[in-house]
Amino acid sequence: MQAGSLRHVDREEFPILPFRRIVPAAICLAGSLIFAARLSALQTDDGSQAWRDRIAPIIESACIDCHSGDEAEGSLDLAVFTSIEQVVRERRLWKKIATRVADREMPPDDGPELIDADRQVLLDWINRKLPELRCDHPHHAGSVTLRRLTRIEYQNTVRDLLGIEFQPASEFPVDASGHGFDNIGDVLSVSPLLLEKYLMAAEEISEQVIEDARRQLIDVSLNAAELATVKGSHIANGEHILYSEATISAPVTVHRAGRYRITVEAFAHKAGDEPARMGVLADGSLLRRLNVRAERDKPREFVLVTSLDAGEHRMGVSFLNDYYNPKAKNPRERDRNLGVLALRIRGPIDEPEISPVQKTFLFARPSTEKSGEEAAGKIIQLHGSRALRRPIEPAEIEELLAVFRMAIEEGESFEGAMQLVLQTLLVSPHFLFKVESPAPPDGAPRRLSNYELATALSYFLWGSMPDDELFTRATRGELVQRGPLRAEVQRLLADPRSRNLVDNFAHQWLQLRALEQVDPDPDLFPGYDENLRKAMVEETALLLDEVLRNDAPLRLLLESRHTWVNRRLAAHYGLETDGLDDDHFRRVELDGTERGGLLAHASFLTLTSNPTRTSPVKRGKWVLENLLADPPPPALPDVPQLDSQAELTGSLRQRIEQHRADPNCASCHRKMDAIGFAFEHFDAVGRFRALDGDLPIDASGQLPGSGQVPGSGQVPGSGQVPGSGAFSGPRELQQRILQRHYDQFFRCVVEKLFTFAVGRGPAATDDCVIDGIARDAVANDHRVSEIIQAIVASEPFQYRIRVDQVILDPGENP
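In this text, residue positions in the sequence shown follow the working numbering: the first is 309, and each later residue adds one.
These are calculated hints, taken from the structure and not from any lab test.
Here a beta-carbon is modelled for each residue, glycine too, at the ideal position from N, C-alpha and C.
Hints may contain errors.
[Unchecked claim] Here are the simulated PhoX-like pairs of lysine-lysine, each with C-alpha atoms no more than 20 Å apart in a straight line: (1) Lys686 - Lys667; (2) Lys678 - Lys667; (3) Lys1060 - Lys403; (4) Lys437 - Lys404; (5) Lys437 - Lys403; (6) Lys578 - Lys637; (7) Lys578 - Lys635; (8) Lys404 - Lys1060; (9) Lys606 - Lys578.
[Stated by the list, open to error] What follows is a list of derived Cβ distance ranges for each label pair: (10) Arg654 - Lys539: 29 to 37 Å; (11) Arg821 - Val788: 32 to 40 Å; (12) Lys437 - Pro702: 55 to 63 Å; (13) Ser593 - Pro702: 53 to 61 Å; (14) Gly471 - Arg799: 39 to 47 Å; (15) Pro500 - Pro804: 32 to 40 Å; (16) Asn839 - Leu1003: 26 to 34 Å; (17) Pro804 - Asp891: 16 to 24 Å.
Can you build the whole structure from these sequences, using the hints too?
Written as structure tokens, this is what we have:
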């Protein structure tokens, strides 16, 4: 169930590697001729001359032989670029090409020569000149598919709207993800199952918020036949006769705790010197003993009041003093019995205690001065506007009042009718979806209204609805003003609800949610359990929260020399546990240890391992994808898995290096392995180890673009200069990322945050915006708050345009 625009999907990662295979000479020659012919059509707009005079000849000499025509390597046809406009429209593709060129993967060793001077010219043009070209496009707005609330957003909204800690969305189907996040409009469909869950949740929520006292009243009358017969009793002529000391009972459901009136209609057969004694019981406990002197022809009602909790109860009657004397002179006095005609339970008889939540929601009630409909109208006016996140319209109020009237006509109480009104609100598309007005048909960008902007802002930072202060700003029309908007961003970030950026955004960016599906082998790692998993996640969350809460530079994620542990995690790390407990985390310094920074956290190390061993491939791939925005190409389908190759021997590193000796494997593994080996001193659950079995560990590696990779013939570290990209262990790896690839890391984070904020994948024109945010953040020490401020102030966040006006990435089809 989607509306608002058509599907918008990001370009799939193109597999540039391997770059060269043996190609017939005729195809290579034809490709060069085609490219040369197309160059003659180049325009002379700004940027065209540099492309024609300097860049195109480099591409022609070093790349076009293999990357042209129907059989272009990696399906990358560079011959199609006949104008600077085409290059600009595919700037994301060219950035990926720049990464391959910088890493010396393009051209390959057996391909055409690319001298260092030309390589630098090409990289400078792509990385510095290209981002500036065509960024003066008339609009950078995007088109966002109408988005429903995610499960997390739904629960947060119910909490903030109604004031209840209730988790109905735990029963909802899992939200699909797109571009790494579950708040992407294109993937948030509504299935029949989800519709059913919405209806069930609305009913449960309304009963949690509003207690209908009339519905909670019970008036249960049990006749003789409905009281279970036991040994020592029988039923005859509508009378339940207890002729020995027995108990008869029946189940009764109590909806609300309170005081209940219990009535027993009974009589007795007299015998002996005392009256029949009857016990009234609840759940086997004696509530009261009663003397029964009433005779059969004049039964009597016996009444008592008792307190009962909500739930199922077993209500019963006992005969307590059986008597039998067959020698008595009067035959009618030989046998004392108890006769029960009925048992009745009514209540609660006390006034119900109204919960604070109900008092807040039903702030208006019927009275001598105000009718029920007038009270309902006031409630709908306030809470309807809050639920729909904008002023509720008169027609919508009338629709909800019609529901109220219908319920009253059907005999519902005021509370029962308002339950139905609340249910109707909770299944409204305007509650379930973040509805925005359509963009104008003339193709011009439309600015979000104050209320739409308030909604976009609160769900970005809080994952929930706007609060009263944000609503007030929207009502005054202040959010379209730069000053008040910046102030609101700062206020929302200072609020504890901004932890949503950690628990929702960062957990998805870093894939921490996937740790729930990781299942290390219990025989090899018996200490791993659910409590340890939660501690691992919380350690990472606290580092992320520190960056957010203290507005620290993003580099702290990779260079921190402290962490947070509880006793369980400290013991797992081999740290001092004195003064720690399992329920609280404490900051500890890591000097003198091998740890420090995000990449030494057990959450990351466990997430990127196999059940029985570490996985340098998974760890390297994770770093490339999530920190450097440089995912490797998919593995070829016919390449054997490492663990299936019995002929490989030695340490894990040695086996992987033997595995990648196969040219089909080397192209994918070269970059991933060089990074992944840095973590080999940490096992599959993040514990430090000195050996891999009985074999020494080599944790050295080298970042892409830094020359020859250790393991390919060069002794690690030999001949390397400071900052060359060589490292040993995760601490040095993180230092090298900060030294050599910090711009790449920083832009990766900005793009992830941008995608999460706007709820869609980046379009072609977004690159200019993202590049600008990344550049401008340098002046603010790369602080998260300024990144967020810039995203909120950007045109893609504040404006919408028709889908047919969006400049798509290549490969996207509206």
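Subject >> Structure versus earlier hints, numbers of those that do not hold, lowest first >> reply: The structure conflicts with hint 14 only, although it agrees with all the remaining ones.
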